[in-house]
Amino acid sequence: MRATSHQFPENVHEALANPTLRQALSKMRGGFPVNRAQAISRLPEFDALRDTARDIKNHTLEHLDFYLERFEERVVANGGQVHWCETPQDARQTILEICQRLNARSVTKGKSMIAEEIALNDYLEEHDIRPVETDLGEYIIQLRKEPPSHIIAPAIHVTKDQVIEAFREAHTELPADRPLDEPRDLTDEARTMLRQEYFDADVGITGANFLVAETGTSTIVTNEGNGDLTQTLAKAHVVIASLEKIVPTMEDMATILRLLARSATGQEFSVYTTLSSGPKRKEDLDGPEEYHVVLLDNGRSDLLGTEFREILRCIRCSACMNHCPVYGAVGGHAYGWVYPGPMGAILTPTLIGIDQAGHLPNASTFCGKCEEVCPMRIPLPQLMRAYRTREHERGISPKATRWGLRLWRFLATRPRLYGAVTGLVARAIANLGWGQGVVTSLPLAGGWTSVRDLPVTQGRTFRSLYKQTKSYPASSTK
Amino acid sequence: MRETGSHPQPTVGLFVTCLADLFRPSVGFAAIKLLEAAGCVVEAPEAQTCCGQPGYNSGDTESARALARRTIEIFEGYDHVVAPSGSCAGMLKEHYPHLFSDEPEMARRAETLAGRTHELTSFLVDVLGVKAVSAQFEGQVTYHDSCSGLRELGIKEQPRELLGSVEGLELVEMEDSEVCCGFGGTFCIKYPEISDHMVTDKVTRAGESGAGMVLAGDLGCLLNIAGKLKRQGSPVQVRHVAEVLAGMVDEPAIGEPGFGEAEV
Amino acid sequence: MSAREAILGRVRASLGRGRLDVDKSAELDARLNAPIANLVPARGQVSGAAAVEDFIQMTLGAAATLEEVATDLEIPAAIARYLASENLPARLVQTQEIADRLDWDAVPQVETRSGPAVSEDEVGLAMALAGVAETGTLILRSGVQAPTTVNFLPDTHIVVLRRDDVVGGYEEAWARLRETCLDADGRLPRTVNMITGPSRTGDIEQTLQLGAHGPRRLHVVLVG
Chain A
1 MRATSHQFPE NVHEALANPT LRQALSKMRG GFPVNRAQAI SRLPEFDALR DTARDIKNHT
61 LEHLDFYLER FEERVVANGG QVHWCETPQD ARQTILEICQ RLNARSVTKG KSMIAEEIAL
121 NDYLEEHDIR PVETDLGEYI IQLRKEPPSH IIAPAIHVTK DQVIEAFREA HTELPADRPL
181 DEPRDLTDEA RTMLRQEYFD ADVGITGANF LVAETGTSTI VTNEGNGDLT QTLAKAHVVI
241 ASLEKIVPTM EDMATILRLL ARSATGQEFS VYTTLSSGPK RKEDLDGPEE YHVVLLDNGR
301 SDLLGTEFRE ILRCIRCSAC MNHCPVYGAV GGHAYGWVYP GPMGAILTPT LIGIDQAGHL
361 PNASTFCGKC EEVCPMRIPL PQLMRAYRTR EHERGISPKA TRWGLRLWRF LATRPRLYGA
421 VTGLVARAIA NLGWGQGVVT SLPLAGGWTS VRDLPVTQGR TFRSLYKQTK SYPASSTK
Chain B
1 MRETGSHPQP TVGLFVTCLA DLFRPSVGFA AIKLLEAAGC VVEAPEAQTC CGQPGYNSGD
61 TESARALARR TIEIFEGYDH VVAPSGSCAG MLKEHYPHLF SDEPEMARRA ETLAGRTHEL
121 TSFLVDVLGV KAVSAQFEGQ VTYHDSCSGL RELGIKEQPR ELLGSVEGLE LVEMEDSEVC
181 CGFGGTFCIK YPEISDHMVT DKVTRAGESG AGMVLAGDLG CLLNIAGKLK RQGSPVQVRH
241 VAEVLAGMVD EPAIGEPGFG EAEV
Chain C
1 MSAREAILGR VRASLGRGRL DVDKSAELDA RLNAPIANLV PARGQVSGAA AVEDFIQMTL
61 GAAATLEEVA TDLEIPAAIA RYLASENLPA RLVQTQEIAD RLDWDAVPQV ETRSGPAVSE
121 DEVGLAMALA GVAETGTLIL RSGVQAPTTV NFLPDTHIVV LRRDDVVGGY EEAWARLRET
181 CLDADGRLPR TVNMITGPSR TGDIEQTLQL GAHGPRRLHV VLVG
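Residue numbers (this note's numbering), protein chains in the order written: chain A, 1 to 478; chain B, 1 to 264; chain C, 1 to 224.
There's no promise every hint is true.
Stated by the list, open to error - Restricting the straight-line Cα-Cα distance to at most 30 Å, the calculated cross-link-like pairs of lysine-lysine (DSSO-like) are: (1) B:190 - A:399; (2) A:27 - B:190; (3) B:156 - A:27; (4) A:145 - A:160.
Calculated directly from the structure, the hints in this document are not laboratory data. Nothing here was measured: the structure is a model prediction, and the numbers come from that model.
So here's chain A without its partners, still in its complex pose:
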């Protein structure tokens, strides 16, 4: 996927001018956040579980090499195989080779953000293998040839009418006059269209929410059941996951599972949590004959040694974006790559470079809502600030900002000069209001006055009044 994160302001402009997107996003606020709040109110231990989960992940990351090795040993003992991949290309190549060895012509896919990260679909298509997304949201955006705009609701930007249009265009073998007006019709149609795909596919690819070192298990958490059909009906189950999905034990997974669905959709628990440990056993009547875990690094091993390590605790629940007012305004596509919202503002510069994604950690008011809701207690604003510091140190933050800050520091460390200048500015802004109370346009402050007025000052600064009277001018108070 070609990143457009560098043109974030242009993406924002388009997003805000798109009425369909506005309509779709406006539905989000009353959904996930409300359901989450209700679910959490029913679990008094929620905050204590967050602490425990944070500690589990920190422990795991601190001993990541050990747990990765143990995980691999047990996958092998289960009859499966782990493929260590340093780069997206390594991972794509590995998956392609598995598909080619099995003469696969189509593969079914459960939802996987890592598959998006390595742009797997494009690669398979280039090699004449047809990837079929089976999660309804992913299927919709695959038909629309779009990237996901949300990590658990990839088609959240699409309206029902747009789904109808996409289905009518794609499913030409069905009668043109069939009723297709209700979400029920659309869900049924997707179910019907995808059923045969599960049987036809030689390879089923899923992501993983957890890799359990204790048992060599990969776990997926879904609501639709598509991931289960994907892995059960194919000859080979390929799991694609990044290093930090590891947890030590089933007990550790249980703790994080208690946070995941509640933080994501506000469900008490997702419908299907599926633990897969290797290929089918010799005597089993169904299940895949092969089991592969494609373990992707893509910069994470280096990230572990930086101040951004804490983002590796992320469990992709989407609570941060569900609650983010910036995400809520612009949607996921504006972020310009795979991961949107606050977690994306950290992961994207990490994975595609701060030169490409420098806007993202800046496009936050630091309102702190993301950190407040993050089940893994990732200090997202602090990490965004750390990226801003990097940008400043590397001299890639905007020139105007740098000069402004330099001037501000110069003034603010010289109180007398500061007092004189602010006194002049206070008077000037008051005058510019011409008695109207506001300034409607101000040179050098276009960012402010393009969208709102600037309230005028009260004519003099606090410091000058205070010096004079030590209290507010008597005439002005009662």
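Let chain A serve as the given structure and place chains B and C on it in line with the hints.
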């Protein structure tokens, strides 16, 4: 108001904040009035300027350190440091100590300052135990929870408790009072379109509450909200909560006509 | 150098150390080999009748249906009634585990077949290893007697759960898995399914639809 009794009066260094200094001196004087009424000896040290948050949040750690260093020095010696802003108080309280992680002596001084620093309404309620103010205000107001105050300092009930004691005042809650207004310091200038979307939502919710006035504890948010309301031609007025609590509402509200002719 | 060694090398470099020493490895192996429960919420610590009551409430809350019967003998008739009441065909695919347990002779109108499910199967019947009270979650596992397709292909999924198999939290279910389901080499079954209500999606305008890819209906028969 609390009786100070036989205890010596606590000294308070008022951190006015650069926005109040420049745009709204009345907020600083309202803070002084409230603190003195609660029995404090208040002083606003002359050398104070800016807490350094613009640099800090823009990645210019050096300039943040330079301003933090002098703020720490200026406010040593007061029993308490109080700011009529959750954002600036949060900077002193939550962020200064991190700025000096490799300077143990400064870190210690920063920690000490952090422990003594409070946002105005939380200082009155949580530290001094003030339960009521003697002020009067006729009408309905709605309260916007500024992000830093709410999430860094836990300010939610304190301003509401004090507003509840204002004679004639009725507090009506707006929907989404905890959602960011889109100010965000330099954010509102760097990403004006997103900021506009957010502040439009905010003033819409405020308007729907039916209140004639929006209050908050941070001037950044207030200038943003007032600026949007005035651009829309709305009659809804905007003030800092301290002005209402101190009964100092004769000055025109933020962005209302009145200044700019006769005064200068 | 292999990719594996390169990745592990970078991980260790980032952690500022080499391979863990023998003592530390032994300590972590002990953590893996004898897992200890972390904080378990109060609602995951219930047992007995209280656990059963919680399980029922939670599973109903997840849009499943449930019927209680006293003994295995009553199950076939109960299922026959359920199928009739939902206008479903009197035909189902069951796991061998269920086939060994139930006597269908009493309800000859229900046609049963044992084995994995195929596309045409409309009703699947399986046995749960456990039910977890805290979220109304059924635990099923694969095996020669329990093919996984039965749980996903048919439109209607019926699960038999013994009252005695209702536990408080997930950790107790793990304990059961470890006690009763590991093979001679200590391995878990290929698949362990945790199922909470019928399949659903909210992918079209966040409108909840049941039966996205998996079963539209989940019916629990609680026995004992």
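Quickly compare the C-alpha distance for residue 190 of chain B and residue 399 of chain A to 30 Å and report which way the hint goes. Distance ~12 Å between residue 190 of chain B and residue 399 of chain A Cα, so the pair holds.
Straight-line Cα separation of residue 156 of chain B and residue 27 of chain A no greater than 30 Å? Status holds; Cα separation ~27 Å.
For residue 145 of chain A and residue 160 of chain A, compute the direct alpha-carbon distance and say whether it is at most 30 Å. holds (16 Å)
Within a Cα-Cα threshold of 30 Å, do residue 27 of chain A and residue 190 of chain B meet the stated pairing? holds (27 Å)
The structure meets every hint from the earlier list without exception.
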